[in-house]
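*Asks:* Below are the chains, spelled out letter by letter.
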Amino acid sequence: MSVSQAESRVIINKTAAMAGLIAPYQAEVVRLAYAEHIVRCTEQDPERMEELLSLDGDLEKAHKWMALAYAKREGDPKKICGLVVYLLSNYGAAEEDREKRRWLVRQIERGRVRLDDLTYELLKGTRLEWEHIFKLVRKEFNPTREKERVKRWYEKLTEHE
Amino acid sequence: MNDGGFFAGLIGGLEEQCHSEHPPAAVLRKYVWRRLPEGRDLRAEVERLLSSRVGGRWTLSQVSLHVATCGACAREVARLRAGLGLTRESAFAGDRPTLLSRKMRRRLAYSIPVAVTLALILVLFFLPHPVATSYCRFGALAM
Ligand SMILES: [Zn+2]
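Protein sequence lines, in the order shown, are assigned to chains V and H. Using the working numbering, read the first sequence as starting at 16 and increasing by one per residue. Using the working numbering, read the second sequence as starting at 92 and increasing by one per residue.
Next comes chain H alone, as it looks inside the complex (with noise of 0.2 Å):
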């Protein structure tokens, strides 16, 4: 860019740092599907940040700059974004799957098995018990 340098020095970059405290995968996780929440005032964002008092509520910006100066959080974020079970590709707009959609196969997961134990239990409630039957038959006879 030729613009006399006015440009070219306005971005230090930042250099890794020794942090104390690291976003959980559960963020990091948010952070690579877009899911965190925009901070809405940068001086408190930066304060905590700052400060490593972060814990509760991470917000985008903070994360972007921790795993931009964390060697672990980076190389997790790495990870989460190649693997998954998704490709890179798909972090983004488009294929997002919605929280909806991962409710609706957490409850699918539960009720499946539930569904099919209910069946069971039904078709062996109207199904003709022989045992049963010739039990009582035998009982019969001997009496």
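The following block holds chain V by itself, in its conformation from the complex (with noise of 0.2 Å):
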């Protein structure tokens, strides 16, 4: 698609909008099942999901969400599905599910859960702590330079706008 195409599809999807034809609602859960897909490794190229990942017209979520799969593909890929676990647990719902917060630390760190077994659904309120993700990717790192490689790949994708 080319770069006209793609921004009248954006104008499209931002007019449908405002109409009240794509609830914001409807573009959260396009957004939430990429974001899982990034967990469990199944995602689709960040190139072809510009559009999809617009519905509401909001490009800025839009291309964070790229900005976080172009990251995974360019270094560690398990650093950024750790990230954006972190994420969906800490941002994912307003309150704290604290029986499934317990259970789902217990499963981290008797090692008995995998990264793709992880959803929005499991992860959203559990408020994990960095020290449940790393163990969960077996690995330590440093959280601060994953997000920096990120909001990196984010300017790259917004620079000519």
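Just so you know, not all the hints are guaranteed correct.
[Stated by the list, open to error] Cut-off 27 Å, straight-line C-alpha distance, at most; resulting in silico cross-link-like pairs (DSS-like, lysine-lysine):
1. V:Lys162 <-> V:Lys76
2. H:Lys121 <-> V:Lys150
3. V:Lys150 <-> V:Lys93
4. V:Lys115 <-> H:Lys121
5. V:Lys171 <-> V:Lys115
6. V:Lys150 <-> V:Lys171
Because the hints were derived from the structure by calculation, they are not lab data. Because the structure is a prediction, the values reported are computed rather than measured.
Both chains are given apart, each in its own frame, so use the hints to dock them into the complex.
*Replies:* Here's what the structure looks like:
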């Protein structure tokens, strides 16, 4: 898809969202589904995701998810998977689900849960800490460095806007 | 996470919705046991989910996002995780019963009563039959 085609698609999506044809809820569902796929390493190429990830015209969020997928391809994929798990766990729900958190932390500590077992539903509200993420991906890493990499990709994606 | 809000606003979170269609109980069970297939095409996966025309095959993400926004299904998933005679711990790798072992158990459930019946028939066939013998003797005597 050419730039002008992509741009017009985004404008159409934005207009449809404003007219109430595409609820922000639906767009959020798409982005969370993509986030789940990133965690389980089943995501599709970020090049082809812009339109689908910005159904409500929110290009900023679309580009951030694409930046995560690009950063995952560039470096150690497990570190970006870990970062996305942290995001879904800590920002996926307004309220903490203490019972689910207790259970999931126990699973992680016993090494009985893998990245490809995880879903948004399972992670939301669990408020995992970095020590849990490191156990889950079986390595320690510097989250700040990974976040910086993602931000650099985001800047690359948005530099022509 | 101190990142100037770059990541904090990325996930809006989903409110509970009123769904017209729900995954069947068997699908929710497969979801808990992590036996649902991955969707290969996110576009198709999402289109089916958003248009409530899911039907047929449910994918892992479709069920996850449905359960995340459906109170009734969330309660059922919590019940399944805790119940089914299993602890929540055994829902993941390590303790997963395989499909084969389930089949084996089902086969055994059928074959044990059949085997017992056959054994009983054989035992009765080879055992000496005192009633019949005495009847013959009685018949022979009567004649
Ligand atoms: Zn439901």
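*Asks:* It remains to establish, for every hint, whether it holds in the given structure.
*Replies:* A quick look at each hint next to the structure:
no. : hint                  : result
1   : V:Lys162 <-> V:Lys76  : holds (15 Å)
2   : H:Lys121 <-> V:Lys150 : holds (26 Å)
3   : V:Lys150 <-> V:Lys93  : holds (11 Å)
4   : V:Lys115 <-> H:Lys121 : holds (19 Å)
5   : V:Lys171 <-> V:Lys115 : violated (38 Å)
6   : V:Lys150 <-> V:Lys171 : violated (31 Å)
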